[in-house]
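These are the residues of each chain, in order.
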Amino acid sequence: MPQKPLLRLLTCGAVDDGKSTLIGRLLHDAGLIAEDTLATLAGDSRRHGTTGADVDLALLTDGLEAERQQGITIDVAWRYFATPARHFILADCPGHPQHTRNMATGAARADLAILLVDARAGLLPQTYRHAAICALFGIRHLVVGINKLDLLDFDQAVFERIAAEARAMAAALAIPHLAAIPHLVVIPLSARHGDNVAHPSARIPWYAGPTLLHHLETITIDETATEKPFRFPIQWVNRRDETFRGLAGTVASGRIALGDPVTVATSGATAPLARILGPGGDQPEAQDGDAVTLVVAAPLDCARGDLLAPPTARPNVADQFAAHLLWTDDAPLLPGRQYRMRLGTTWTTASVTTIKHRLDPQTQAHEAATTLSANEIGLCTLAAATPLAFDAYATNRATGAFILVNRDTNRTAAAGMIAHPLRRATNIHPEAYPVDKQARGVALRQRPLVLWFTGLSASGKTTVAKLVEQHLYHAGCHTFALDGDNLRHGLNRDLGFTPRDRVENIRRAGEVAKLMVEAGLIVLASFISPYRAERRLVREMLAPGEFVEIFMDTPLDLCAARDPKGLYARARRGEIPNFTGINSPYEPPESPDLTLDGQSPPETLARQVLAHILPRITGEA
Amino acid sequence: MPLPPHLRRLEAEAIAILRETLASFRAPALLYSIGKDSSVLLHLAQKAFAPAAIPFPLLHIATGWDFAEMLAFRDRRAAELGAHLLVHTNPDGLARGISPITHGSRLHMDTMGTEALKQALDLHAIDAAIGGARRDEEKSRAKERIFSPRTQGHAWDPRSQRPEFWTLFNTSLGPGETMRVFPLSDWTELDIWTYIAAEGIPVVPLYFAAPRPVLRRAGALIVRDDDRMPLAPGETPETLWVRFRTMGDWPLTGAHESRAATPAQILAELAIARTSERHGRLIDHDQDAAMERKKREGYF
Ligand SMILES: Nc1nc2c(ncn2[C@@H]2O[C@H](COP(=O)(O)OP(=O)(O)O)[C@@H](O)[C@H]2O)c(=O)[nH]1
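So the protein sequences, as listed, match chains C and R. Sequential numbering from 0 applies to the first sequence in numbering that gives the first Met the number 0. Sequential numbering from 0 applies to the second sequence in numbering that gives the first Met the number 0.
In case anyone wonders, no lab produced these hints; they're calculated from the structure. Be careful, since some hints might not be right.
[Said to hold, decoys possible] Derived coverage of chain R by chain C (criterion: at least 3 residues anywhere in the stretch with Cβ under 8 angstroms from a Cβ of chain C; other residues may be distant):
hint : region
1    : 10-17
2    : 87-93
3    : 130-142
4    : 199-207
All C-beta atoms, glycine included, are put in the ideal place defined by N, C-alpha and C.
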């Protein structure tokens, strides 16, 4: 009998519902635990176990020292087992809400989820949460195992009641833009004693369905990925020598054969396929999951990060889109902040422009939100720095998924599932005008620049900027000064001082400064701009060399002593929340273009600035 | 013998991970331990980059206690593949004369294994080290990600691993950090042998049973590779048909009695085996959670 294809699955559910015990039991009853492993387990059970004299099968999967000591699962453990019918890769996932991101690691690649429920407790908040995450990640097969029935004398009434609740839960899962979980099976179990795990149980005569293992061995996962349109993210260009150029990668969906035309999604360039090299040499066709190297019959401008598709069934191409995010970073989401984004084999930067709602995974209520914290889910709109080729996650898991990475810590900040492109992103193309920045700069006889003064309130930013501007004016330069206070009275009137509003404040200031640079001006911008990430954002909006970061390095005590507007005194009395330096952080620049010692006279500092920038303005540097 | 469907899938996934490593890092290297998993990695790397040659060096950490047959095999394979082979031994440990026999397995492995590896990675400025570790080998391995970052001092923090979603690996590194990459994470011992048999991959002959000179030490069968291991008064090695399930330093690696002399016979033996693969490794029984400790400190 031919083997069924590999099955990737996860076990989830609330803490103590018996996930680890179930896996131990599954492996044990299938005869897959080696003798020396069992012996080690017996030793571990005496030290850390919860099952009295019996071997505690849960200890088989809790592999980290901290996990065995605390008796909880922190991270996913991967298990591999095979029966004559099938090979399995199983992710044993933690139940604690604060480890949801690790649970999601297991869910992302799974085809099937086993959701365990302690029959004594029934469906818990965490049960709903895990079911919602399974739906979010596009899992289409759910098995609800009602466990610990041994403690309730295998009471059929209890089982039927919880089974009905579980069916209602699955039916009510309605995450916008994603299909509900279509396939649900409920099985009565005792993981600890093995009833209905690998063997049918005489103690559950009222149940006629399959054992858990039998169900896993026989279930057919709809292999629709092959029927979907061809998608091939180019992973690496193989240039052995001048005579060979191959596009290496893994077919994400669909199939392709020799002679078929392929199109680079973002450019539309097309060429027919000349060769397909697989692990065993040349092959006539390839399908989803195959790692191959494609050779095209005509020169095709493409590189790592490009997506190949059939000319007749292309993906979306847009730089703005709506997506669900599961936030995974300890630092909460800041709308407007730039994150590194990976979609397929492309890396770019992207920011969240709005949070449409936060999803309560338990009730699926949509809540208003200004941020997402670790383990929270939200529907957001995002803007990427470059146009991206993608499909909706609901139609293609491989080309609709992305991650965000925190640029300061490199930690994975979010898992994302694209819902749809935004209309405005597909229809608006930036206008190119014949008179451009260079042309205007030539007319004004200067190179446009942004002098970005950053530092604490009352550090002297505006004082020095005003002096510099006067000198520039007398030298015949065309300038414009922007500062936090004047923008906050107009353009940024709607913004406060929360971290999120500060980010948006700087983003808008950066956009205004950019327009002025386009107009050919020297911009003097004085903003506290306390976060490195936003200063970097402005730097990256501009061309290289146009952003001059000037750090007003004035000690906090001196600023507080100056206190021209009495703000420090009020902040210290607790009257002003989020005041930089007092109860809101300031991140000094790591490598500013210029550092000014705020204790020196302003005129001295202004001359230092001029000495630094005049050569750049006149084009001598 | 055609590959079973699940192995074809694992093969493709491992190839994708190797390509991803090459495309994402400045100076990757393949940690070549000469064992069966390394042999499979090498074979996969050939396929991943064909028709080009393997584009990164192989790194072997030589402890001074490798089986002579392993070293011969290593040099032969590197020459056949035209691969760039780097060999490193901890010079400080060598000068101190560290040996598993006089200093015990723990100090020996820490000095000649873990320390040596860190030295070699720093010396050659390797930012991504590809290893053949599998998650089914041991409990703390079962928790490790496929792309697993290490701090500046090569330490692993198992309590705060980055989540790893789909195959969208987060390959970002901060200054001084390095990556460990495990393309065989999802393979089992059985998969490895099935693949070796199907693809005809060369492995060190020590994996196959043959009559060898054996000493019994702490319940393990030690094949005496040279005379640095002293004999007890009146002791003579006995000749037994044995083979190895894992490769390591010869005084620390137990053999078992077997007549399996081909990959197919090994597969038959494994199908009825009742002990786990690492059973023969003396170093893993050092202490509770030994592997996790070693990995946190930088062991592969
Ligand atoms: N009586 C009984 N106890 C069980 C059963 N399954 C698990 N347990 C116990 O429930 C506790 C939690 O199990 P564990 O597998 O660690 O739960 P996890 O947190 O979901 O991994 C342990 O003390 C188990 O022995 C069962 O079917 N019957």
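The hints, checked one at a time:
1. With 5 residues bearing a CB less than 8 angstroms from a CB of chain C, the region 10-17 of chain R meets the requirement of three and the coverage assertion stands.
2. Under a criterion of three residues with beta carbons nearer than 8 angstroms to beta carbons of chain C, the stated coverage of the region 87-93 of chain R fails, only 0 such residues being counted.
3. Beta-carbon proximity to chain C at under 8 angstroms applies to 8 residues in the region 130-142 of chain R; the threshold of 3 is reached and the given coverage holds.
4. Counting residues of the region 199-207 of chain R whose CB lies closer than 8 angstroms to any CB of chain C gives 0, which falls below the minimum of 3, so the coverage claim is violated.
Of the numbered hints listed earlier, those contradicted by the structure are 2 and 4.
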